[in-house]
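Each chain, written out:
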Amino acid sequence: MEEFAKFRHQLARPIEDKIRELQRHDRLKHMIFGSQLSPEILEKLRRNADMIRNMARSRQGNDRLRQLLPHKRAMLYFTQPSTRTFLSFMAACQILGITCNEVRNPETSSEVKRESRMDSIRMFSSYFDVIVMRSKISDFAECCSYMMNELENQEMRAIPIVNAGSGSDEHPTQALLDMYTILRTFDFDETSASARSRLGRLKEKYSDLKPGPAGKTYLFCGDIGRGRTVRSLAATLAQYPGVRMFFVAPAHEVLKLDAEMKDRLDHQGVDIYEFTSLDAKLDGDPILSQADCVYMTRIQREHNSKETEEQIANIDLAPFKLTPDRVNTLKDYAPIMHPFPRDSVVGEIPTEIDSDPRAMYFRQARNGMWARAALLVHLFDAVDSLYLAYHDVFGRAQD
Amino acid sequence: MEEFAKFRHQLARPIEDKIRELQRHDRLKHMIFGSQLSPEILEKLRRNADMIRNMARSRQGNDRLRQLLPHKRAMLYFTQPSTRTFLSFMAACQILGITCNEVRNPETSSEVKRESRMDSIRMFSSYFDVIVMRSKISDFAECCSYMMNELENQEMRAIPIVNAGSGSDEHPTQALLDMYTILRTFDFDETSASARSRLGRLKEKYSDLKPGPAGKTYLFCGDIGRGRTVRSLAATLAQYPGVRMFFVAPAHEVLKLDAEMKDRLDHQGVDIYEFTSLDAKLDGDPILSQADCVYMTRIQREHNSKETEEQIANIDLAPFKLTPDRVNTLKDYAPIMHPFPRDSVVGEIPTEIDSDPRAMYFRQARNGMWARAALLVHLFDAVDSLYLAYHDVFGRAQD
Amino acid sequence: MEEFAKFRHQLARPIEDKIRELQRHDRLKHMIFGSQLSPEILEKLRRNADMIRNMARSRQGNDRLRQLLPHKRAMLYFTQPSTRTFLSFMAACQILGITCNEVRNPETSSEVKRESRMDSIRMFSSYFDVIVMRSKISDFAECCSYMMNELENQEMRAIPIVNAGSGSDEHPTQALLDMYTILRTFDFDETSASARSRLGRLKEKYSDLKPGPAGKTYLFCGDIGRGRTVRSLAATLAQYPGVRMFFVAPAHEVLKLDAEMKDRLDHQGVDIYEFTSLDAKLDGDPILSQADCVYMTRIQREHNSKETEEQIANIDLAPFKLTPDRVNTLKDYAPIMHPFPRDSVVGEIPTEIDSDPRAMYFRQARNGMWARAALLVHLFDAVDSLYLAYHDVFGRAQD
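Residue numbers (numbering that gives the first Met the number 0), protein chains in the order written: chain R, 0 to 398; chain D, 0 to 398; chain A, 0 to 398.
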């Protein structure tokens, strides 16, 4: 884009340099890339999210949460439609007392008046304290964060930028909520009292079981090739040692694991296996019985070319549906995840599964709200206040 | 609808069984049908509404009201457009400190992605604490309430559902606000001090006058056949003893009182009379001079078939206009109501009437706000807190 | 408009009579016309705005601000699209704790149902405590304020009306924020401590320099003929003595200073000069070096007829661009203003200028938020509470 020309050199840098510019010491200034989610950052955000979720259970806790950031005003700039992510951010803001404003119409009056996108964003930054943006334009959020850093260097007003989905590749807060769900599930620790006992009970059956995401097997099923949530989540999980990944997708160029991603994961030390059915076996055992976590996805239709669409329409999707029989073969603790929406026509997860205790997808959606609230507390550098509030409510800081 | 198939048996039950499922003891869990508004429930909601309205008069009272439910987040899911009902619910929420979120676009991205409606609603229930929904699909709100009850039975997160207008038949909160207006008007008690005296004064002229909706004559005029507000209100009023109803409508199949409704009201013991002009007489006296309450409606145009539209266009609507001369024949205390909007071209209520003290329609709209706030307090089981707050502000609970 | 017929006589009165009706003693009841912004009212609003902005710097100040009007609910009725003004009002409301509601779709369901506009507005006034309206219909806001006054006279509920842009002529809150920016700039007093010294330093170079808008030279450049912001601002500045104005516009009928406005300013005692290039000289000196304030505008395209558009497309706009060379000739203190959006294709202010300390346009946008908050405090008669809160935060009322 013409108007991003100014940031050409910054855009061309290796990701490590970019990540460094987006942090201040150990804290994120802007949330732009999934790869900013290091295990250290994830651990910080998980703690925030756990505190927020616990506080939100009581009226008193809720009241304290709304006292954290009521002086902040958020702009939700969603020129690419998204009900789910939008509402999740709205709810996250409201939990913290942040007031919300929105721009959702891609054809704003300003574009008619030939205002540059960067002028619009800077104008918003005059009125608001954080901009959460979702756009079809890949580099837009990234450039905005560079503009903010530049303003900060000139000692002018600058605010955090959050990428809520840009173009077809990055959707870092989805990776965040997926990781939060995984970290919680593999904590085996719903409430601290029953913690040991739950892990203890599970160990009777699964003797090697250890807490945490390391050393586990993740099964991804469905639209592997184009699912940006799969890409981001796999890349993030790959940071943990001893991880094995099963990719289950139709044998179609567009849907299966692409070479570039395979290389990258391989390079990160992941054990990768590809299958074309959920009923496949590895070393004689069904893959479903080996998975510690199942991540289902919808075969996307809205991005297809007409040609691809016809090809995909002819694929038998039965091998990629999580039927009750298949669910029965899963480990007792293996979470069933899905970034949602699920396809009610294809039915990759039939509604009968919804009442299975491992069905995590609605809780996963709700986790999005806690994880995004955790991120906002982090970006606004209000973690100290959160700890204080938590201590006031529960009589001790969370260990 | 395919996706409601699961609830087939529940949908087919008699209304009494449904109503029972929507309550817990004497409290509504969901607000779906006008027939949930029994005199007992109406009396509870009237008390709530009166307290809220009184508190809203002072800054201190307002502050206490906003402390009632600030930890709650509402989703206003209005896929059928409605400015008035929408804003009234927004305002009701804001009075109580509830934060609002909205979905107003019927073509959400999720539908493109073939998400089922029930998935959408369950997803919203992850983020929000009540869903107020207006939809063209008749059974949608009802099915959502059953889904919530099912989740509750499974000890999962469940929230109240409010029907803000579904399909062409149900609009229970409109009936609620109409009834609230009638209950207030026939209380003859604007402030407790001058209460007796006002009723006393009126009794000098209308010796039989008693407080309350029982034993009164209600005149409905305009679009009787298709006005869902008329249907709901008439059915609710029919619960009170000794009620007489005048229906004044053009002699057109589509506009006049339909046989089914007539039967139902008849069965409920209502004395029913039909007329084709506001100037009609009954037992020698003008019907307008006999009415205790006049409920005007707009002849709807947006639901007509082309054929019907032409027929209606040829009807002389003069006999259905509340001209100043006609207003002069009304009883001193008879409220003039209208669910609004009124038709500025037809002018079923000309603007000259607006300054008449009996013109109740703008206050009726404002009552919608109090009545809806009252309903939310009831659904969230916060009546105790409301009484406490009222007591703090006024030094005594309302008698 | 048919429905404004009722207000025919009021609409035809001289502006002085209108202004009187819109005030109560020395306070505005409604904000409809730019000419309501007398130097006295401007001074009051400037004080409010300065207090609000100072308080907004701290968490404590922010908390107190949100306690000023949390019991008020605003309706932002923007049937003419406007991102900027809309968001600025939203932010202003949020600063003061006011909850916001909006109608932004010109084709509301009510219009389909033939509701009159005045009925809509009166209905909104049932739910909300102020209506901020932007409409294509010139007299709409004015008529609404008369309706409110009429209701007030009948001792019925009435609320303030704010004109946020009506038709092509009035946009009083834009004039307000422009004036606030000018008043602040010519205060030469960023913080009270360094105040004298800044004016002192400037006086070494510009010996005649005095604080305040009187006696200064204002240069307006661009779309003089149709820019309603230029019209309003020039008319407001003309109230101060000894003012000189330079109008720099292409020599096109539609773009240059029109006769009527020229007459009016002339009548107000302004020294008027017209030029067709920013490089023009007056009395041998470049006009840019003589200006105390430069107000740039965008050549509007969206209002042009096809014919005019072609003519304007052929005009060389180079003489109306504020290039770095031209900026170098400006006085050290001369603010560069622009009502925004700027045209990114024409580039009347190139982005290189953005980091110049005199570039005021983004701060000007932010001033819009403070100025509008100041106006709301004034309209709600909450100035006393603002002073009290300011005193609590800073230990003294602002001098």
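Just so you know, the hints here were simulated from the structure itself, not pulled from any lab data. Treat the hints with care, as some may be off.
Beyond 10 Å from chain R on every Cβ pair, some chain A residues (computed) [to be verified]:
no. : residue
1   : Glu1
2   : His8
3   : Val102
4   : Ser115
5   : Arg197
6   : Gly214
7   : His251
8   : Glu252
9   : Leu281
10  : Glu301
11  : Phe339
12  : Asp342
13  : Ser343
14  : Val345
15  : Ala364
16  : Asp380
Computed, partial: chain R to chain D, Cβ under 10 Å [to be verified]:
no. : residue
17  : Arg65
18  : Arg83
19  : Gly199
20  : Asn303
The structure displayed is predicted, hence computed values, not measured ones. The beta-carbon is built from N, C-alpha and C at its ideal position, and this holds for glycine as well.
Status of the hints after comparison with the structure:
Every CB of chain R is more than 10 Å from the CB of Glu1(A) (nearest about 28 Å), matching its label as outside the interface. With a least beta-carbon separation of about 35 Å from chain R, His8(A) lies farther than 10 Å from that chain, consistent with its non-interface assignment. With a least beta-carbon separation of about 15 Å from chain R, Val102(A) lies farther than 10 Å from that chain, consistent with its non-interface assignment. With a least CB separation of 27 Å from chain R, Ser115(A) remains clear of the 10 Å interface cut-off, as annotated.
In this structure Arg197(A) is separated from chain R by more than 10 Å, as the shortest Cβ-Cβ distance comes to about 17 Å. Chain R leaves Gly214(A) outside its interface by the beta-carbon criterion, the shortest separation being 30 Å against a cut-off of 10 Å. Its beta-carbon lying about 19 Å from the closest one in chain R, His251(A) satisfies the requirement of being farther than 10 Å from that chain. Residue-level check passed: Glu252(A) sits 22 Å from the nearest beta carbon of chain R, beyond 10 Å.
For Leu281(A), the shortest C-beta to C-beta distance to chain R comes to about 32 Å, beyond the 10 Å cut-off, and the non-interface label holds. With 10 Å as the threshold on Cβ separation, the claim that Glu301(A) sits away from chain R is violated: the shortest Cβ distance comes to roughly 6 Å. With a minimum CB-CB distance of about 7 Å to chain R, Phe339(A) fails to clear the 10 Å threshold, and the non-interface call is violated. In this structure Asp342(A) is not separated from chain R by more than 10 Å, as the shortest Cβ-Cβ distance comes to only about 5 Å.
At the 10 Å boundary, the C-beta of Ser343(A) falls inside the reach of chain R, the nearest C-beta of that chain being 4 Å off. Against chain R, the non-interface label of Val345(A) is violated: not every CB pair exceeds 10 Å, the least being about 8 Å. With a least CB separation of 5 Å from chain R, Ala364(A) falls inside the 10 Å interface cut-off, contrary to its annotation. At roughly 24 Å, the least C-beta separation between Asp380(A) and chain R is larger than 10 Å, which holds for a residue marked as non-interface.
The interface hint given for Arg65(R) holds, since its Cβ lies 7 Å from the closest Cβ of chain D, which is under the 10 Å cut-off. The closest approach between the C-beta of Arg83(R) and any C-beta of chain D is roughly 7 Å, which is under the 10 Å cut-off, so the hint is satisfied. Below 10 Å, beta-carbon pairs count as interface contacts, and Gly199(R) has none with chain D, the closest being about 24 Å; its hint is therefore violated. Here the hint on Asn303(R) is broken, as its CB sits about 13 Å from the closest CB of chain D, past 10 Å.
Figure legend: structure checked against the earlier numbered hints; hints not met, in rising order: 10, 11, 12, 13, 14, 15, 19, 20.
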